[in-house]
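Q: What follows is the residue order along each chain.
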Amino acid sequence: MKATTADPGTRPAISKDGDGLRRWWSSEGNEFAGRNLALIGVLVVLVVLGVLTRPDLYSDPEWVRNNIFTILQQASAIGVVTVGMTFVIIGGGIDLSVGAIMALAGVWATTVATQSFGAGGMIFTAIAVGVGTGLVNGLLISYGRLVPFIATLAMMVAARGLAASISGKQTQISGDATINGIASTEILGVPLLVIILVLVVAAGWVLLNRTTFGRRTVAVGGNPEAARLAGINVKRHTLLLYALSGLCCGIGALMLTAQANSAQAAMANLYELDAIAAAIIGGTLLSGGRGTIVGALFGVLVFSTITNLFAINNLTTESQNMIKGGIIVAAVLIQQFRFGSLTKLFSRRP
Amino acid sequence: MKATTADPGTRPAISKDGDGLRRWWSSEGNEFAGRNLALIGVLVVLVVLGVLTRPDLYSDPEWVRNNIFTILQQASAIGVVTVGMTFVIIGGGIDLSVGAIMALAGVWATTVATQSFGAGGMIFTAIAVGVGTGLVNGLLISYGRLVPFIATLAMMVAARGLAASISGKQTQISGDATINGIASTEILGVPLLVIILVLVVAAGWVLLNRTTFGRRTVAVGGNPEAARLAGINVKRHTLLLYALSGLCCGIGALMLTAQANSAQAAMANLYELDAIAAAIIGGTLLSGGRGTIVGALFGVLVFSTITNLFAINNLTTESQNMIKGGIIVAAVLIQQFRFGSLTKLFSRRP
Amino acid sequence: MDENVIQESGDGVILRLTDVVKTFPGVRALDGVQLEVRAGEVHCLLGQNGAGKSTLIKVLAGVHRPDSGRVEWRGRPVEFANPQAAMRAGIATIYQELDLVDDLSVAENAFLGHEPRRLGFVRRGETARRTRAILERLGHGEIPARRPVHRLPSAGKQIVSMARALSHDAKLIIMDEPSAVLAHDEVGNLFRIIRELTAAGIAVVYISHRMEEIREIGDRVTVLKDGRTTAAGLSARETPTRDLVTRMTGRTIEYVFPDRVTHATDAAPLLEVRGLTRHGEFADVSLTVRPGEIVGIAGLVGSGRSELLETIFGARRAEAGTVVMDGRRLRAGSVGAAVRAGLGMAPEERKSQALLLDEPIYRNVTLAGFSRFAAGGFTRTAREAASARAVAARLDLRPPDVHRPVRQLSGGNQQKVVVGRWLVGTGPRNGGPHDAGATPTRLLLLDEPTRGVDVGARAELYQVVRDLAAAGLGVLLVSSEVPEVLGLADRVLIMREGSVIHEAPGGELDEEAVLDMIMAGSLTTGALAAETDTTEGEAA
Amino acid sequence: ACTSNEQGPSTAQTKGPEGDNANAAPGKAVTIGFSAPAADHGWMAAITNNAKAQAAAYSDVTFNSVEAGADAAAQRAALDTLISQKPDAIVMLPHDGKELTASGLKAMQAGIPVINLDRAFTQALAYRVMIKGDNYGMGVSAGNFVVAQMKAKGITNPVIGEIAGIDSLELTQQRSQGFKDALATAGFTVANRRAAEFTIDTGQREATNLLQALPKIDALWNHDDDQGVGVLAAVQQANRSEFIMVGGAGSKAAIEAIQADNSVLKATVTYSPSMASSAISLARLVAQGRGLADLVELSVPKDITLASETITKENAANYLQLGF
Ligand SMILES: Nc1ncnc2c1ncn2[C@@H]1O[C@H](COP(=O)(O)OP(=O)(O)OP(=O)(O)O)[C@@H](O)[C@H]1O
Ligand SMILES: Nc1ncnc2c1ncn2[C@@H]1O[C@H](COP(=O)(O)OP(=O)(O)OP(=O)(O)O)[C@@H](O)[C@H]1O
Ligand SMILES: O[C@@H]1[C@@H](O)[C@H](O)OC[C@H]1O
Ligand SMILES: [Mg+2]
Ligand SMILES: [Mg+2]
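Protein chains in written order, with my numbering: chain A, 394 to 743; chain B, 394 to 743; chain C, 365 to 904; chain D, 13 to 336.
Don't take each hint at face value.
[Said to hold, decoys possible] Some chain C residues near chain B, calculated using beta-carbon distances under 7 Å:
(1) P447
(2) Q448
(3) R481
(4) G484
What the hints contain is simulated information worked out from the structure, not anything from laboratory work. Yeah, the Cβ is synthetic: ideal placement off N, Cα and C, and Gly gets one too.
This is chain A alone, in the form it adopts within the complex (with noise of 0.2 Å):
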């Protein structure tokens, strides 16, 4: 959908081309560079408030060094599934069935048959699975001309029906050692699940920021009128971009399944509104042809750091809900408010 109210945002501040500093982590420009400084002070906060509630806590760094995991691997498997949609909303669509679709990937790779294949069949399994949905909703959207939003709300619903009935609604027990060790197993001091989110979010960057695929997804979102007159194949380029969200679903469902030892029909529900919402407080216009794959993963820290701070705070589900809704608010607020002064301070003329 549309902003209704004029977004200062659109039309940002022009800076001496050559400004190395503000553009090295974000090829996207000062305001995308504002939007993610905020959000990373949105993050101090957090965290600040997490220290001043629970000084006994932070006082052991052992704690703090565990705590920054913990909140990490928490991040870990949305995060991976928040890239992919991330493309998806800048090329102009939604999934809505991220979720789901990691749920049926997860019950593919656990069931008794797969698992005899060992832990390479379940991962080719989910890897699949993945990407074989996300070209299921790719070919009803491009070919079959759907609404995005319509094309994978039908599929959310069918794939936690085929999860449901493969599993027989029964939670599946993953025993594959390999697969189960990916959530404990830690890389110079660093949890694997860690690893991968870094990993993923670092290809998602280059492949947006610095390929041809990346540029054409720009194209496809921001105006796929110009981009199929300027000779690029919206459709096959559509497709794709539903088979990419389909293939972070799938690694997305191997990491869940790895932490839970198991996977559920039921599992990874309402993903699909904790990617939007991360992508979107990232700074992706819904409305296709912007986005920044940092952004994004601060969008997800942010949550997950919010939950912590309440599982620290030993709050009631109630309150949680209560301030978690002010946060967000909060969180978007400021980074408004940064991002405008951060662009009057950038392009301030001598």
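Chain A is already provided as a structure; the job is to place chains B, C and D with the ligands on it using the hints.
A: Just chains B, C and D with the ligands now, kept in the frame of chain A:
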């Protein structure tokens, strides 16, 4: 979001406008008439499926009459909410908080304190809570410049939290005979709930198609910049749209409370998804600027007819879901097919 | 009624701007503008693309607030807080970019924001009736008042924009390049209305890049350059063109077409179109373009030229007929196939069909070619930017910073980006191996390439097109400006109601003859709206 | 009657440390961590409230609750946080026993005894004590009651309906299986089964659908008394009364209705959230290294499964105070 594929409908051939038959019930023109006809076709197919699978039930006219009212009653609360949602979407926004607002309104209206004021107090409370939260949404979006998706997501989380806290997470029984009677009263053989639905849909249709408010909604969603240049107060209008959606939630909450003789913080779960899906299936563009109330009603009816079909055939949840996904896809494909050929039919030059 | 009497200060001035300044982040769009408009005159604003004309009128219309300076309206200093305030004060505006709502009808658009209403209900009959009256006045009574505007061609939309301006009881009407999307006959119609308006004492501020229009309709001229007034109150009829152009650009420009090169007519055709048909748009069109040849298509608005180009390019699927490029038949309805075969198209509507408004200029320029710069799928933006800078320099893009989002460019400069897309890498070779983005395009389809482009840049563009042809490219050009077609094309096709009715070498036709031919069909006035809305009678 | 509109746990579900009980004597001060899924309906809310109230009843217990959001992943994260704070024992009602077995193991390996509440872990290593309800048994009790009633009425080929809870939960499957097995002993089958979502509005919706699909029924089992409020509303709106209905879990409203005997609801089979109170008591003893006073053993037993009792008009008075 934007359709990522070029829509050949954006520059349709010029057709004769004069065909009154195609226009009388949808002032928005052929295209919508085509879509609505197609949705009626889908409804007919669903009913025929019912007849074929359960001839025993369908042979009893009394049962058929009851069944029609059952379907309509089930569609009533969500139908009312969908009318508000359709306005918000046409106006370029989205409202993810409708389910949560309904829960909050329902729970607030059934507190012991409110109930002590009787039916009037309960109705007033539900409406006031609905409009109030809608106004908060609207303020955040129009004056706080939050993206609608994020603002209403925050409201969704916060309103459920508040509802849980008000209700102490308990189911609250409605002891008011007048309120509960809404669900069982019939007027001239037609259930009151159905009458309310019809009235709200009619009012919505008039508001959209015959008043300045409605025409401005189309302008604000279709081209906010043009609306602003034409002197429309886009911010205030946006605010009013969310208040309208909140109003519908308040009414819907009362209807749901009457049906369940109670209210609960978890009620109306995911109604937002259903309402958005119904609006879109009915032909409303998620990007704003175009939509029909009658289409949205048909969208709701398709969903409740599907549910009814499943129930009379005793399908398991998992097959229900798989088939439902398929039906949604098929419904939209049929619509497009019908729509395309109808347009051609109507626009063929002599 | 009294307060509606125009209060003129001594010399009939109703609007006076003094030292108006408006800055956007990083740009001083208006840098001390003076303007004085008298009641009942047509006051022309002249200036290069990006000079600040649109920004100035947006200040007048209450869209932008000036940073400093004074605006006096009918003798009183004013500051319009929003468009509504300006409208209420009696200033109506036709904006450069069409500002209509696609899904509202012609009548609803005309009266958007001030609908005739009763208790909140739109008086639809009244709205339609008043709209029809205005449309009649505009000479377009055939446009159905109840048709959604997205079903009108762009010229029809322009008429609706005008109708909207006339729907207000305005004392000043501002028109920002209204003729850019109008064809010859329509411009005549527009001028008739303007004369009616000024005769009634209404002032008109008129912006156009076409000198002959300024001469015909204008009373006085104010020239803007880089956000400053460089000349005010010149006579529109008497000031020599050379003078005006010099004040606009700071240099002298020969407003002439580059020489034609003669070339072999026996070369094998590059493009061969046979019997191409799309019902309701055009029928049985056949044409050829040889390498090095510029073929122009003249015709009225709505004669099907844009659809023809789009169909050749595969953006629309042909219902019958073939497109052959280099002896190989192109797959119908596939832009990809056309691009691979060496076709390129600069479409008619820049905003909806060509630009990524929020992306930087250079990425818009290289939109059709970034993959040719890429290595192994990885983009090389530095090279893209360098190449885009070269294009920007050739077309005199202002400002020339290619990292700026296209949205911030003035209308004419946006148009340069659209055309520039197909010039990437075609510049004078600097010999190096760096011409990675050299376009493989060998046939260029140009649809109204100079829409909104200023005199200076236009001359550059003509030269560029000639150079391309000289380098062996074929060009198929559609333009509603007959002199442009005649001056640039080697061969001219004339289209009327979807058919090619005449073909002749460019040198053998004159403007008069062409106009006669294309107008012959306009008697039916079928161009803007094919049929009248029969439901309206009953509804009224 | 808006009985359940009042807040607060019913005190009957908390057992104060009474003087004559050897376990009542305060022991060493302990911290008990607690984690249960977010409560969105009465039963789950009662679980959390009961745990809190029971902990408050002990002077030697500090209660540290981390309510974990919407799904297993969120709960896992909350538990990581809890484990890192090293409480003396953890009481955990997992979203899904299998999905959270790994977290149980992790806590046990960190030296924290885990009391697994209600939804069972898959490995014995993952918990010190398990206390749970009997989902299968609940279905059996409901089935047995229906069979007995049908026999008493002399109905040989009854039409039986079932309104289940959230269908993707394993506990729902177990309940349905128990119901089916018990019915099978008399040769009965379920004619139509709809799954609701433990909420009133979905209960009303699915019951309406089911009643529409079965123009005449003899018996109906609804898995959950929370959604039962909606089910009863639907029954009343459809003007149906030709059948008997059995509820599930044992809410106060349901027990009152059974006692009043003015609706189709004739019985409910218990699945009491009081198990959360018991879990806290057990956690305290385990953390303090004590056993159950009435048992010979010196430490708390490993597995406790509550019986699912059938509440009817006859015995309703006894259960009223246990209703939640
Ligand atoms: N919103 C904006 N943000 C930043 N710069 C802007 C914005 N709008 C206009 N500009 C800049 O202001 C200058 C004046 O633009 P303007 O549109 O007024 O030119 P113009 O005279 O109307 O040109 P044209 O003949 O091409 O329409 C240009 O340099 C343009 O890039
Ligand atoms: N958006 C539209 N909706 C309906 N009909 C259209 C639309 N655009 C063009 N047409 C119709 O298609 C035919 C050809 O129009 P087209 O725009 O191709 O003509 P053109 O010669 O290119 O004129 P222009 O100079 O406006 O581009 C006309 O009958 C016109 O009315
Ligand atoms: O809703 C309850 C469910 O959450 C619990 O696990 O079992 C009893 C049910 O009534
Ligand atoms: Mg301009
Ligand atoms: Mg054209």
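Q: If a hint holds in the structure, say so; if it does not, say that too.
A: Consistency of the hints with the structure:
no., hint, in the structure
1, P447, "5 Å, holds"
2, Q448, "4 Å, holds"
3, R481, "5 Å, holds"
4, G484, "5 Å, holds"
Consistency with the previously given hints is maintained throughout, with no hint failing.
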